[in-house]
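The residues making up each chain are set out below.
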Amino acid sequence: MNIIISNSSPEPIYEQIYRQIKNSVIIGELRPGELLPSIRTLARELQISVITSKRAYEELERDGFIETVPGKGSYVSEQSAELLKEKRMRIIEEKLTEVVDDCKLLGINLAELHEMLDLLFMEV
Amino acid sequence: MENILEVNNLSKKFKGFLLDNVSFSIPYGYIMGFIGANGAGKTTTIKLIMDLVKKDGGEIRIFGRDHQHYDREIKQKIGFVYEECYYYEELSVMGMKQIIAPFYQDWDERIFQQYMERFNLPAKKKIKELSRGMKMKFSLAVALSHHAGLIILDEPTSGLDPVFRDEFLEILRDLLQDESKGVLFSTHITTDLDKIADYVCFIDKGKIVFSGVKDEILGKYVIVKGSKDLLTEESHKLLIGLRENEFGFQALSNDAARLKSQLGDRILLEKADLDDIMLYTTRRNREDA
Amino acid sequence: MLNLILKDILIQKRTIIFALLYGVFIFFAFSKPPFSQCIYSMGAMGISYILILTALQADFKNNTMVILNSLPVRRSEIVASKYLSMFVFIALSLLLLVIVGFLITVSPLPFDVRSLELYDLIITLLSVSILLSVYLPVYFKTGGKLVQIVNVLFFMFLFFIPSTVLDYFKENREQPVVINLIQYFSENVSQVYLAAVILTFIVLAVSFTCTLKIYAKKDL
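If you're matching them up, the sequences are chains A, B and C in order.
Throughout the first sequence, residue numbering follows our numbering, covering 151 to 274 in sequence.
Throughout the second sequence, residue numbering follows our numbering, covering 3 to 291 in sequence.
Throughout the third sequence, residue numbering follows our numbering, covering 1173 to 1392 in sequence.
Calculated directly from the structure, the hints in this document are not laboratory data.
Keep in mind that a hint or two might mislead.
[What the hints assert, rightly or not] Not close to chain B: a few residues of chain A, all C-beta gaps over 10 Å, as computed: (1) N152; (2) P162; (3) Q197; (4) V200; (5) R205; (6) E228.
[Claimed, not checked] Computed cross-link-like contacts, DSBU-like style, restricted to lysine-lysine with a CA-CA straight-line distance of at most 35 Å: (7) B/K79 x C/K1342; (8) C/K1342 x C/K1390; (9) C/K1385 x B/K127; (10) B/K262 x A/K172.
Because the structure is a prediction, the values reported are computed rather than measured.
Cβ atoms here follow ideal geometry from the backbone N, Cα and C, with glycine treated the same way.
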């Protein structure tokens, strides 16, 4: 997992961490159930205050991306697989909408689109 | 959350200086930066905590216990580094250690030797032949070699090069991986604290100006810059430590929202760091006086 | 507490050698009567005083009280250790003198040194105690600032008093007061010694209490 902090950015540091971890979870870099570094380790490595890293984790937990087990640490939550899927579905939907729009512009009909998809599914 | 150090309504009167109603606390597992100009009362406060100077009023609790009643037990667990390292100049480094170590029940010679090596401290050299930096490193090695819970640092890095200051901060970060420790770090070099402090407490002329979570405090304040014609009576109230020059003004503010609604987009807002907050607030206090 | 006394010894290893030489000097300088009577007490007084003072000076010059009081040590212990160290240093100095005296006796040098007597110990104890009982409260009150002056005064005292007292006794040996006094002393030796020891402890106790009170309130 890579987290890069900018001290000069107007975005608060805890938000930067929140955003980057959330992204990692969504794109699947962090798997559900994976153990995250402790708040203190994170603070030490990034050279920030413990309170900052704590806040980032608290927000991630509030939004369902991670779960904290007292005494053990913080894990990427299983639920987030659902969120992941949802987001990916949405991205695919958006991309497909674009494709459909382009097809309509170029005059490609549904049957031709189907053919292209079949070929692609077989190749990849 | 329990506090490793609690200071309540501490007061002390000297000729020409009054420490007035000082209160702050540090929870276990965190580091508090104690900032202020020279002479603001930082060292006096620390001396009061260590009972080197006798308080006039107030209460100090360390590890939950009164600092005077349980002074010996508490000091077993305090590691200290002062700005001036007063040791027996004629003794060698090892000789000085041999005098200090027996006082601590939990003295750990192995850890001390590790620091001696890490800091490159010459065991046989006399204290008077050491540079200021070396003396400070020796103090630090001693402070960290008896399993102390609370580390009190008074201007430990002034006069030291940035390379060692960085290593110093790294040592503190490693130390705070243990949630049962705490650090009070008094300094006027706020850039060190910008990086490492969890809490910050600002003292000026014997009074606490503010005390709280560093990130929250930094988030509250902004630097405001703009042209002088924008200054109205209304806006004056929101500006701290206003300074005007030939080409415009600059000030600190803790209410960026209202300022923006009053003066709109014609002002420039910038992030304030601890130095800025300290400077502008001090300037405001001097002017008010 | 022992740590504190040990510290006072450790910081002046060089001074102890000087003290040894001082002891030798004393034996040479005062080998003839009437001074040979006071030889051990003057020597021991001088050495203990040097040792105690050097320790106090070291603390004062280096400003180590700040560090010491930050260690897990009570102020009362710091004060107590100074008073206790007096006994330690008296014992140490008498020991040094006995050793030097013994070495001189067995050496081919042309004179002998008498052995240690009880009254040497008593006189040393009494005089050093009185000196320190004044010195220590002043030291703890002023943080060592006035002590330079006190130093000089006391060293003058050290050589001045015994010779003056002895001279007085010599010149007035015909006086009835002096004769009675000497008679009383020779007949009631043990009582005189006991009185001296009790006096010593009373003086020390008063001084100790004062110093404790002074130091308890002091801002460092």
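Subject >> Hints that the structure is at odds with (numbers, increasing) >> reply: Per hint list: 2, 3, 4, 5, 7, 8, 9 violated.
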